[in-house]
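Chains as they are written, first to last, in my numbering: chain A, 1 to 347; chain B, 1001 to 1281.
Among these hints, one or two may not hold up.
[What the hints assert, rightly or not] Here are the simulated distance ranges between beta carbons:
1. Asp30(A) - Lys1094(B): 42 to 48 Å
2. Met91(A) - Pro1152(B): 27 to 33 Å
3. Ala1154(B) - Ala295(A): 44 to 50 Å
4. Asp182(A) - Lys1125(B): 41 to 47 Å
5. Met88(A) - Arg1251(B): 53 to 59 Å
6. Thr1274(B) - Met91(A): 26 to 32 Å
7. Gly1205(B) - Gln22(A): 29 to 35 Å
8. Met91(A) - Glu1271(B): 49 to 55 Å
Hints were generated in silico from the structure; no laboratory data involved. These figures come from a predicted structure and were not determined experimentally. Heads up, the beta-carbon is just placed ideally off N, CA and C, and yes, glycines get one too.
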Amino acid sequence: MSDLTFREAINSALIQEMERDQSVFLYGLDVNDHKRIFGTTHNLLERFGPKRCFFTPLCEDTMTGFGLGAAANGLRPVHVHQRVDFMMLAMNQLANMVSAFCYMSAGKLKVPLTIRAVIGRGWGQSFQHSKSMHSVFAHIPGLKVVLPTTPMDANGLLASSIRDDNPVIFLEHRWLHDIHGDVPDGEYVIPLGKAEIAREGLDFTVIAVSWMVVEALKAAEVMQRKHGVTVEVVDPRTAVPLDSETLIASVTKTGRCLVADYDWAFCGFSAEIAALISEHCFGALKAPVCRLGFAHSPCPTTRPLENRFYPGAIDIIRLIEARMQLAPADLFDERFFTYENRFKGPF
Amino acid sequence: MSMGEEGIVVGVCHALEPEDQVLGTYRSHALYLAKTGETDSFFEEMYGKEAGCAKGRAGSMHLCAPEHGLICCSAIVASSIPVALGAAFAHKYKGTGRKVAVFFGDGATEEGAFWESLNTACLMKLPVLFVCENNQYAIHVHIRDRQAYDIPEAVRHFGIYVHSSETTDPEVVHQVAADALKSMDRTDMPAFLHFRYHRYLEHVGVQEDYCAGYRCKEDFMAYYDADPFKIQRGRLLANGLKLAEVEAMEREIDTTIERSINRAKQSCFAEESTLLEHVFA
Chain A
1 MSDLTFREAI NSALIQEMER DQSVFLYGLD VNDHKRIFGT THNLLERFGP KRCFFTPLCE
61 DTMTGFGLGA AANGLRPVHV HQRVDFMMLA MNQLANMVSA FCYMSAGKLK VPLTIRAVIG
121 RGWGQSFQHS KSMHSVFAHI PGLKVVLPTT PMDANGLLAS SIRDDNPVIF LEHRWLHDIH
181 GDVPDGEYVI PLGKAEIARE GLDFTVIAVS WMVVEALKAA EVMQRKHGVT VEVVDPRTAV
241 PLDSETLIAS VTKTGRCLVA DYDWAFCGFS AEIAALISEH CFGALKAPVC RLGFAHSPCP
301 TTRPLENRFY PGAIDIIRLI EARMQLAPAD LFDERFFTYE NRFKGPF
Chain B
1001 MSMGEEGIVV GVCHALEPED QVLGTYRSHA LYLAKTGETD SFFEEMYGKE AGCAKGRAGS
1061 MHLCAPEHGL ICCSAIVASS IPVALGAAFA HKYKGTGRKV AVFFGDGATE EGAFWESLNT
1121 ACLMKLPVLF VCENNQYAIH VHIRDRQAYD IPEAVRHFGI YVHSSETTDP EVVHQVAADA
1181 LKSMDRTDMP AFLHFRYHRY LEHVGVQEDY CAGYRCKEDF MAYYDADPFK IQRGRLLANG
1241 LKLAEVEAME REIDTTIERS INRAKQSCFA EESTLLEHVF A
C-alpha cells in the first residue's frame, strides 16, 4: 500500500495502463500545459512523448468522434475534459455515435474509449463549470458511467475503465482530487459494477455518489454520536453498470433509505435509485425512500445561493432525523466541509 | 437512395487499396456495394433480417461492414467525419500506411464538425481523404439558400490538395482520386475532393419528387445524359466488348441481386429476445 492523493492515484493508473498497453493514449485540452489537469496528467508527456499524450484544438465534438474512430480501429484512447460542462459540446458524438457504435455494428466494432471529466465546484464556479451530468450519461444506453470517491477507487476503476471494451465516462469531483488514502501497489483493478459499503450500519441506508459520499460519512458519524443511530453508507461507484443487489441488500437490512446524489434531483439518477429501492424493498421499508440532489436551478455564482444549491451533511442529518422521528440534534459545535474546510482524508 | 451518385464512390473506392477504410452517410448504399462487392448481407439488412450486416439493428441509414473496410454510415449529417479522423490516426499511430476516405454531402460542410475536422486533420497531418458529394440539396433546400461560401474555395484556405469536378464518370473520378491519394503520400496531409451529382429520387424513399416543385425534371435529364452507368456501359462497348458480352455481365449482376433479394425476403428476423444484445461489447 502507498499513501496517495486521488490525483496521484489517477496519474498512477494512467502511467500503469500506458506502460502495460501500447494502444493506450491520452489527449484533450490542456493535458500538457503547466497545470496538467489538476496534476493528474503529470509526467505523461515526458514519459510517453507527444505521440501518446497530446493537446487538441478546441473542438470537443470532433475530438470525441476522433476517439471513437481510434477505438474502433483498436486503440484505447483516454479523452480528458477539464469540466464535464465542456462535454455538452460533444453530445452529438456521445448520444448518436459513440453509444450506438457497438449496437449498430451488431458487435463487430468495439469502443474501448475512456472519457475523463472533472466535476467543478468552487465556490463561484457557477452554472457552466459545475455540472456532473451522470444522470444524463447513464440515461443513454451503451455508455458506462463511473464516479470514483476514494483514491483506491480512482486508481482501480480508471484502470478497469481503460481496459473495458466499451465507452466509459469517468467523472472526478474536483474536491476529491486532494484527498489522500491507501492505494495498493502494483497492478490494481476494481471491476465496474460493484458497489462499496463505505460505512456499515443497521438503522438507515444512505446511497451516495462522488463528493456526497464524503458528506454522507460525516452525517453518519454525527448521527452515531448525537443519536446512537448507525447509518450505512453505500457508494455505487458506477452508475452504469449498477450494482443493484448491494443497494437492495443494504436497504432490506436497514428498512430506511436516503439517496444523496450529486446531480439535479428532478429526473435524476437519485430518482432511478429511489424507484429501484421502492420496487424491490417495498416490504422491508419502514418509511418512504427520500432523496437529496441539486436544487432545480442552474448553479448560482454567489456563495449564499450556492450554499443552498448544494446539499450537504446537514441536509442528510435532518432528513434522517425526520424519517426516524428524532428531535433535531444541536449541530452548533459541529464543523462541516466547505470550500475552505475541505475533507483531505483518509476515509 | 444513392441513385445518381454511384460514379463517385466507385471511382474513389477503386483508387483506394482494399485495406483502406471508408465512412459514409445515410445515402451510402452505393458506397456499401462499391466497397464490399457483396449483396447478400446488404439486402438482408435492408429487409431487417438477422443475416444482415448488423442483424437488422442498423438498416438502410447506418450500413456497416468493418470486415470490408466500411466503418460506418451516419444519418446525422457530418457525424462520421470526426470518426474518420480517429480511424486515420490509428493507422498513423500503428504505422499501417493505410488511408481513410470519408464521404459526405454538401450540407455537411455547414456543420461545425466538418470545419473542426478539417482543421484537426490538417494540424495532425492525418491520412484522410475528404470526399464531398454535392447534390445541391439538403433535403429540399437549395445550396444557394444555405451557403455563403464556395465549398472548394473555402477549403483551399487550409492549404491542402483540393480538386473540384463536375464529372459523373467513374473512371475520371478514379483518376482524380488516385491523384489525390498520391498528393497525400507526397505532402503527408489530408486531401479534399468535391464532386457534383444529381439525386435522382426524393430525399428519402424510392419515388421521384419533381412534382413537388422545388427542383425540375430538366435538371435530372441533363445529369441522366451523363449517368455513370450509361457512361461506363458505352466505354465497355467502345473498348471492344461485344453487346452480348455486356448483356451477359448485366444478367449475371441482375441474377446475383435477385438471388440476394429473394434470400433476404425468406430469411428470418432476429429473435425478439436478442433486443439487448450488443448494447455493450
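(message) Quick check: does the Cβ-Cβ distance between Met88(A) and Arg1251(B) fall within 53 to 59 Å?
(response) holds, 55 Å
(message) If I claimed the Cβ atoms of Thr1274(B) and Met91(A) lie 26 to 32 Å apart, would that claim hold in this structure?
(response) Given a distance of about 28 Å, which is inside 26 to 32 Å, the answer is holds.
(message) 42 to 48 Å was suggested as the range; check whether the CB atoms of Asp30(A) and Lys1094(B) agree with it.
(response) violated, 26 Å
(request) For the range 29 to 35 Å, tell me whether the beta carbons of Gly1205(B) and Gln22(A) fit it or not. (result) The hinted range 29 to 35 Å is violated for Gly1205(B) and Gln22(A), with Cβ atoms some 48 Å apart.
(message) Given a hint of 49 to 55 Å, does the C-beta separation of Met91(A) and Glu1271(B) actually sit inside it?
(response) violated, 33 Å
(message) Can you tell me whether the CB distance of Ala1154(B) to Ala295(A) sits inside 44 to 50 Å?
(response) holds, 46 Å
(request) With respect to the beta-carbon atoms only, verify the hint that Asp182(A) and Lys1125(B) lie 41 to 47 Å apart. (result) holds, 44 Å
(request) Just tell me: holds or violated, for the beta carbon distance of Met91(A) and Pro1152(B) against 27 to 33 Å? (result) 31 Å Cβ-Cβ, so the 27 to 33 Å window holds.
When held up to the earlier numbered hints, the structure conflicts with 1, 7 and 8 and fits the remainder.
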